[in-house]
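**Student:** Please work from the sequences and hints to get the whole structure.
2 protein chains.
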Amino acid sequence: MTLDKFIDQAISPWMREEGPDKDIVMSSRIRLARNFADQTYPILANEEKLVEIQEFIRDEYANKSFQTYKDLQYVPLTDLSPVEKSVLVEKHLISPHLIKHSDYAGTLISENEQVSIMVNEEDHLRIQVYYPGLQLKTALEQSFALDDWLEEKVDYAFDETKGYLTSCPTNVGTGMRASVMMHLPALVLTKQINRLIPAISQFGLVVRGIYGEGSEALGNIFQVSNQITLGKSEQDIVDDLESVVHQLIEHERMARNHILERTGKKLEDRIFRSYGTLAYSRIIDSKEASKCISDVRLGIDLGWIDNTSGNILNELMVLTQPGFLQHYANRSLRPDERDILRASVIRERLKLEE
Amino acid sequence: MTLDKFIDQAISPWMREEGPDKDIVMSSRIRLARNFADQTYPILANEEKLVEIQEFIRDEYANKSFQTYKDLQYVPLTDLSPVEKSVLVEKHLISPHLIKHSDYAGTLISENEQVSIMVNEEDHLRIQVYYPGLQLKTALEQSFALDDWLEEKVDYAFDETKGYLTSCPTNVGTGMRASVMMHLPALVLTKQINRLIPAISQFGLVVRGIYGEGSEALGNIFQVSNQITLGKSEQDIVDDLESVVHQLIEHERMARNHILERTGKKLEDRIFRSYGTLAYSRIIDSKEASKCISDVRLGIDLGWIDNTSGNILNELMVLTQPGFLQHYANRSLRPDERDILRASVIRERLKLEE
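Sequence lines, in order, name chains A and B.
In terms of our numbering, the first sequence has 260 at position 206, counting the first letter as 1, and numbering is strictly consecutive.
In terms of our numbering, the second sequence has 358 at position 304, counting the first letter as 1, and numbering is strictly consecutive.
Don't read these hints as lab results, they were simulated from the structure.
There's no promise every hint is true.
One copy or two, it doesn't matter: identical chains are merged, so the pair holds either way.
[Stated by the list, open to error] Computed cross-link-like contacts, DSSO-like style, restricted to lysine-lysine with a CA-CA straight-line distance of at most 30 Å: (1) K405 with K319; (2) K320 with K341; (3) K118 with K145; (4) K139 with K341; (5) K216 with K286; (6) K405 with K320; (7) K405 with K139; (8) K103 with K191; (9) K76 with K145; (10) K345 with K405; (11) K345 with K320; (12) K124 with K207.
**Tutor:** So, in structure tokens, the structure goes:
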């Protein structure tokens with residue numbers, strides 16, 4: 055595979071679009087959990103039932119179009135190699151859970167990869183809609199539209215009192231998880247993040263690393279999402295989340311100014327050294343790569359690095375993941391081999407900017 | 055001052071010529087200590103006597119030519135600013151000792167800076183001749199020729215039994231110090247240098263850092279010279295030194311091959327990261343700069359870095375010294391200001407190669 059094509063695969067087309075507050079908010083996502091009425095949840099269902107659900111979705115929705123999403127493709131996970139599955143997880147198109155139960159699972163994906171509807175995850179359906187920057191409300195509207203479209207043919211498990219019924223009780227009610235992916239390097243540098251994360255959780259929100267629960271905040275990227283799905287409307291949840299995100303954006307901007315004023319030259323040195331490391335190293339592990347990529351993105355935001363596009367953070371964070379590297383190499387790689395290929399891919403990617 | 059001109063000043067013209075084993079031996083030097091007969095040594099002489107010696111040399115030798123050395127210039131140290139004096143030390147044209155006693159001292163320099171005859175250092179005359187690469191024998195012949203030329207007008211302090219008489223007893227006899235400047239990064243990396251230095255001293259030789267006695271081996275550059283000046287002819291001393299230098303060259307080459315075979319990728323990573331640091335850092339102290347410059351020079355010798363000339367080690371080691379940086383800035387600089395200017399000068403120098 056050529057690197058250009060490889061990079062094209064790393065970045066979903068929707069990620070190339072501009073979005074509000076894109077210097078700090080990388081993406082907004084709405085995920086709705088839905089189940090078929092009178093059907094056992096996937097985690098307890100037998101093979102026959104799982105096959106039935108999967109075939110229904112494929113027959114009714116594959117190769118159909120909804121609004122701007124033309125020709126939705128259904129991808130059964132059994133069609134994919136282990137590496138291809140990792141790649142979809144690294145692009146956030148499917149969840150790690152879906153891979154673990156991949157015999158009767160799949161996903162319905164739009165061509166621009168903005169919409170991915172997982173089938174037979176924890177719930178029968180998991181509708182995901184992505185937008186660049188901070189666009190939670192638009193994403194919510196769009197996910198509702200998709201939800202209505204699906205509901206034309208699916209009878210959802212819904213209770214007048216509880217709301218949407220889900221496999222895990224933590225999703226009951228709205229079945230909605232709204233989340234934003236934020237790049238917060240200055241809050242990390244000034245250590246303010248350690249104070250902010252506990253404060254955020256008091257609002258019923260949760261802060262995680264880039265690959266969800268239990269994952270590290272590699273590259274200073276944080277996922278902020280709602281914890282509570284019950285007792286509040288989807289709009290209220292999104293409003294509350296958005297208000298906290300706005301405050302985080304403000305804090306991050308103030309922290310950046312503070313660092314600039316106090317230690318501008320030191321920060322510049324750190325950022326350009328990171329660029330040098332990315333541009334020249336021959337062996338780099340994913341932790342160091344993430345740190346350097348985050349630094350370079352901050353350098354772009356501060357106007358110091360002007361020959362490199364801001365999308366580089368999104369691209370390189372995905373490109374340098376183990377699955378993607380193995381996809382590129384077209385074989386499985388030992389960690390030391392990945393560190394060498396990672397360095398090579400990053401160098402080539404930076405050269406494309408010249 | 056423009057950077058081009060500044061660099062021109064950092065590198066003596068003779069350094070640009072090719073020399074044998076230039077990948078490891080940066081330069082060869084012969085230094086002869088000579089004194090006027092029946093004159094008190096400079097360290098004990100009164101002002102009147104010192105002025106007399108200085109004026110004699112200036113009157114008899116300034117603006118004269120000897121062989122290829124046209125128009126020798128006499129530079130009294132009183133004509134120089136403190137920064138200009140440091141610059142001459144950093145270029146090895148004068149010794150730190152000469153600066154400390156600079157009221158009646160000076161130096162007679164050839165245009166290509168290959169010859170520098172210090173006046174009123176520890177001895178009345180210190181004749182220095184430099185050659186690129188390993189050329190001790192040529193340097194010795196040339197220093198003898200200069201010595202003869204000076205002797206046409208100067209009556210040397212000489213004793214039939216002891217040989218040339220000098221201010222410090224360690225120089226009595228030949229009055230000669232032969233030395234080579236060697237770049238030994240692989241012997242440092244493999245720690246063999248720690249074993250070799252004591253062994254070398256058993257041959258009556260001494261190993262020092264780049265700026266002589268007590269100085270650190272910055273940039274993996276070592277100065278190897280004879281300790282003994284008495285009881286052996288100049289030719290024998292030079293032969294013995296040269297034989298040890300040949301062995302060091304062999305060891306260094308073997309160590310480079312060894313590292314290449316065992317840890318090639320790791321070495322490549324280290325070298326290119328150093329290049330990245332030099333090309334991008336905004337603050338760099340002289341220790342880190344020296345380490346990176348040494349790595350890059352090794353990368354050039356190994357054929358990995360092909361867009362940069364080998365002279366970069368010699369140039370940058372001088373350019374990044376405190377005196378030179380202040381000469382460039384045209385004012386005195388605090389250490390933190392020097393670290394910023396050093397990074398800037400290195401970046402600009404690397405860009406000139408593109």
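**Student:** Checked against the structure, which of the hints given earlier come out wrong?
**Tutor:** Result: hint 8 breaks, nothing else.
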